[in-house]
Amino acid sequence: MSEKEAENELEKRDSSIESTEIKSADSKKVRLPDSKEVNQALEANPDQFPSVANLNIPNAEKIEPFQITDGGKTIAASRKVEQPALDSFTQGLQSLPEGATPEQIAQMQIDYINRKAASAEAAGTMPAIERGMMLDGRIEETHIIGNNSEYFERMAGVLIGSVQGVGNVAVNLAHIADFSAYCILGDKRALEMGEEFGKSLANIIFAGGKLFQSSYDYIFNVGFEGDYSKPFSDIASVAIILNDRWQQLPPREQERRKAEFISQMVAEGLIGLAGTQAINKAQTFTEVLDSVAEHAITFGIKIGDAPKKSAALISKGIKEIIQPVGDTGVGIKMPIPKQDTALFMSESENLGRARLPKEIKPIEPSLENPLPGSLSSVQTRDWYNARVEKIQEIEKQMRESGNSTKEIFETVTQLRNEAKLQARALMKDQRLAESLPPPKTPEEILAKYGGDYEKAIRASRRTNPDINKQVDELRKKENEP
Amino acid sequence: MSTVIEKLKASRIDWQESKESEFVFHTDFLNHLVRLRLNDFPDESLCTLIFDGVETDLEEFPECWSLPRHRNQP
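Chains X and W, in that order, give the protein sequences.
Residue numbering for the first sequence follows the working numbering, starting at 240 and increasing by one per position.
Residue numbering for the second sequence follows the working numbering, starting at 778 and increasing by one per position.
Straight line, CA to CA, 25 Å or less: simulated DSS-like cross-link-like pairs of lysine-lysine:
#1 X:K715 x W:K784
#2 X:K629 x X:K667
#3 W:K786 x W:K796
#4 X:K687 x W:K796
#5 X:K716 x W:K784
#6 X:K715 x W:K786
#7 X:K708 x W:K786
#8 X:K708 x W:K784
#9 X:K679 x X:K635
Just so you know, these hints were derived from the structure itself, not from any lab.
Construct the complete structure from the given sequences, taking the supplied hints into account.
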């Protein structure tokens with residue numbers, strides 16, 4: 240049969256089908272709607288074919304159904320689709336079942352790291368890895384054996400848990416990856432995950448992981464591109480978000496949070512003088528966290544056993560910092576607290592007396608929270624004495640934790656000197672405050688007590704009865720109408 | 778002594794620099810050499826007057842007193 244004859248035969252068959260009378264009732268029902276109605280129904284409900292939907296089709300995930308419309312005729316068809324490779328860390332997470340266990344998540348990342356390491360090495364794109372690049376100090380403790388990918392795997396392990404293996408590393412990184420994805424997308428789950436993220440981060444930090452600086456170095460300095468860096472780019476992304484929120488806090492609130500954190504870490508015996516100095520100098524939120532990682536006295540601390548109160552403070556800090564940002568109405572954007580008790584702004588800073596959002600209430604200056612340059616010398620002393628009492632509590636806790644007298648002396652002196660400078664900044668007479676002699680250094684104080692730490696600590700607790708008497712008299716005078 | 782100190786506190790005094798220390802100043806008052814020392818406030822009193830070898834701690838710096846660096850400021 241020629242091609243022409245074949246076409247004629249097909250036309251005959253088609254016209255024969257169309258002219259045949261339909262006798263069954265069911266068939267008549269099918270034929271009743273016109274083609275327009277059928278098309279509308281298909282478009283509105285394309286998947287409502289249960290018998291077909293329930294078919295067990297081999298490799299169904301690799302087949303994409305689609306329709307071909309030709310001259311008013313719609314033909315169902317399918318085609319093979321290219322599956323996106325699950326080599327992005329977040330995609331990998333999404334591919335896991337909803338109820339995935341931490342072990343499954345961990346395994347996912349282990350596989351991810353291994354797979355990417357192998358492919359990068361095979362492609363010759365493995366970045367040059369320098370000793371100490373990922374973790375200052377920690378990496379030197381790891382013996383480097385074998386090839387580059389093995390080294391990377393080890394490094395990934397060292398990144399978080401070192402001796403505990405990569406399992407916990409993965410779980411913690413998984414939380415961070417999820418959290419950062421939600422942050423970037425503005426997903427409300429970021430807020431819900433804040434606490435969990437904080438815990439994971441605290442575990443990493445107290446295991447010595449300078450995560451944020453490392454991730455910046457890795458991505459920006461080393462210049463490595465691609466999915467291989469995904470966990471690290473996640474961390475870098477989240478660092479940008481956290482620091483952005485941190486910068487929106489008033490400087491005084493930043494300092495208060497740093498001071499609270501230092502006090503708690505000191506109380507738990509986690510940092511010494513160098514640590515408090517480093518945290519104080521930190522300009523961004525992630526620098527604060529990296530300083531903790533660098534200076535925390537964490538010898539023997541196992542992953543998951545991060546000091547509870549300090550870890551809780553990190554977790555709380557992150558949760559607070561990722562709260563939605565509101566405009567105060569005076570050009571300052573700041574997190575909107577969930578509870579009215581969380582206060583961010585002083586009434587006196589609200590110069591325009593703009594109406595603040597309901598959730599943000601102004602802080603009234605008080606003795607506990609005074610404004611710089613607002614206190615008399617008597618009030619300044621009262622404020623300072625209250626701080627010294629807190630430092631004495633820290634000293635007590637350090638003794639209970641078994642810290643050495645040297646550590647206690649250095650910490651207490653440092654905190655006391657900081658409180659002294661803060662107190663002077665609160666004085667009304669700033670010209671006089673700037674003329675006062677600088678606080679004595681720990682070395683000067685120790686020399687005064689012949690190198691006896693215990694005597695030096697005791698001396699720092701003493702108050703001068705003559706001064707107290709004079710202060711009481713002045714206080715009475717100030718309170719007179 | 779307390780009367781003299783009260784008089785001193787109520788008088789306009791332009792304290793002069795001393796060679797002793799940058800935190801110690803002096804003045805002549807009623808034909809006496811009086812020294813003023815600024816202290817490690819608030820651990821110590823704000824300042825101390827030294828009059829005829831007797832030290833008196835002060836918790837206030839009278840408004841009518843001035844230090845050399847303050848006089849040089851606008």
